[in-house]
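There are 2 protein chains.
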Amino acid sequence: MDARLLAETIAVAELPLSAARLMGDANYPWLILVPRRPALAEIIDLDADDRAQLMREISRASEALRAVVSCDKLNVAALGNMVRQLHVHVIGRTKSDAAWPKPVWGAAPPKPYPPGAAEALARRLAERLG
Amino acid sequence: MDARLLAETIAVAELPLSAARLMGDANYPWLILVPRRPALAEIIDLDADDRAQLMREISRASEALRAVVSCDKLNVAALGNMVRQLHVHVIGRTKSDAAWPKPVWGAAPPKPYPPGAAEALARRLAERLG
Numbered sequence: 000m001d002a003r004l005l006a007e008t009i010a011v012a013e014l015p016l017s018a019a020r021l022m023g024d025a026n027y028p029w030l031i032l033v034p035r036r037p038a039l040a041e042i043i044d045l046d047a048d049d050r051a052q053l054m055r056e057i058s059r060a061s062e063a064l065r066a067v068v069s070c071d072k073l074n075v076a077a078l079g080n081m082v083r084q085l086h087v088h089v090i091g092r093t094k095s096d097a098a099w100p101k102p103v104w105g106a107a108p109p110k111p112y113p114p115g116a117a118e119a120l121a122r123r124l125a126e127r128l129g
Numbered sequence: 000m001d002a003r004l005l006a007e008t009i010a011v012a013e014l015p016l017s018a019a020r021l022m023g024d025a026n027y028p029w030l031i032l033v034p035r036r037p038a039l040a041e042i043i044d045l046d047a048d049d050r051a052q053l054m055r056e057i058s059r060a061s062e063a064l065r066a067v068v069s070c071d072k073l074n075v076a077a078l079g080n081m082v083r084q085l086h087v088h089v090i091g092r093t094k095s096d097a098a099w100p101k102p103v104w105g106a107a108p109p110k111p112y113p114p115g116a117a118e119a120l121a122r123r124l125a126e127r128l129g
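Chains as they are written, first to last, in numbering that gives the first Met the number 0: chain A, 0 to 129; chain B, 0 to 129.
Hints listed in this document are in silico derivations from the structure and should not be mistaken for laboratory results.
Incorrect hints may have been included.
If chains are identical, the list can't say which one is meant, so a pair holds when it fits in one copy or spans any two.
To be verified - With a Cα cut of at most 20 Å, we get these calculated DMTMM-like pairs of lysine to aspartate or glutamate:
hint: 1; residue 1: K101; residue 2: D24
hint: 2; residue 1: K110; residue 2: E62
hint: 3; residue 1: K72; residue 2: D44
hint: 4; residue 1: K94; residue 2: E41
Note that this is a predicted model, so its numbers are computed, not measured.
Excised from the complex, chain A in its bound form (with noise of 0.2 Å):
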């Protein structure tokens, strides 16, 4: 897996195809899919299999983001401007968090978790996406 990925994120859960992963901000829960295809970018370069499954694999991310903290909009992305290795954002959005109504990338600097709670938080999301 990319190393900016990695340094970024706490595991979470082995989806299928996917790695989730947790950001370490806590301006917002917010999910990483990285499919273990470390050598693909783009959505398009799965298999139409694998686009399936990731699409299954973001709907679970947005049901346990949805079942475990307060959202009032999700954010479904697949940037990679930055980190070129194929990876999907699921974030839960809340009107008052530091970026409303704008994208949450470069918006605020990042806020770390207290002690514990980024991997208690990841806990109970592997609970819901397992």
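Mind docking chain B on chain A? Use the hints.
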């Protein structure tokens, strides 16, 4: 369809699930897919068949953009913080564009297409999408 989506875009093609429209911003070749499910806000508000179809249409839009314009990266996103009606952005990015490597939303003032140019691009994309 949401009035703002309609006002900012022109028609490209009617896909089985979505209207494909071209954003009127010459900074980026930018398609928007609007599923004909006007009451929905989230991808997970779609049923499983529609989600799978949306993934196929995202792929078709991505392939059409790459066939018609030069792109270094595709950006695919369902945000909806400003316009709540479910819609998916499929944007062709280049390293020389007005926002690179940032996301496009809010990054640069929209740039009008020269007269007729948006319609010509929409026709070329429609041929690839059809």
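How the hints compare with the structure:
In the homo-oligomer, the alpha carbons of K101 and D24 lie at most 20 Å apart both inside one protomer (16 Å) and across protomers (18 Å), since each shortest distance falls under that limit. Taking the shortest alpha-carbon separations for K110 and E62, neither the intra-copy value of 24 Å nor the inter-copy value of 37 Å comes in at or below 20 Å. For the homomeric pair K72 and D44, the shortest alpha-carbon distance between copies (12 Å) is at most 20 Å, but the shortest distance inside one copy (28 Å) is not. Proximity of K94 to E41 under the C-alpha cut-off of 20 Å is restricted to the inter-copy arrangement: shortest distance 16 Å between copies versus 30 Å within a copy.
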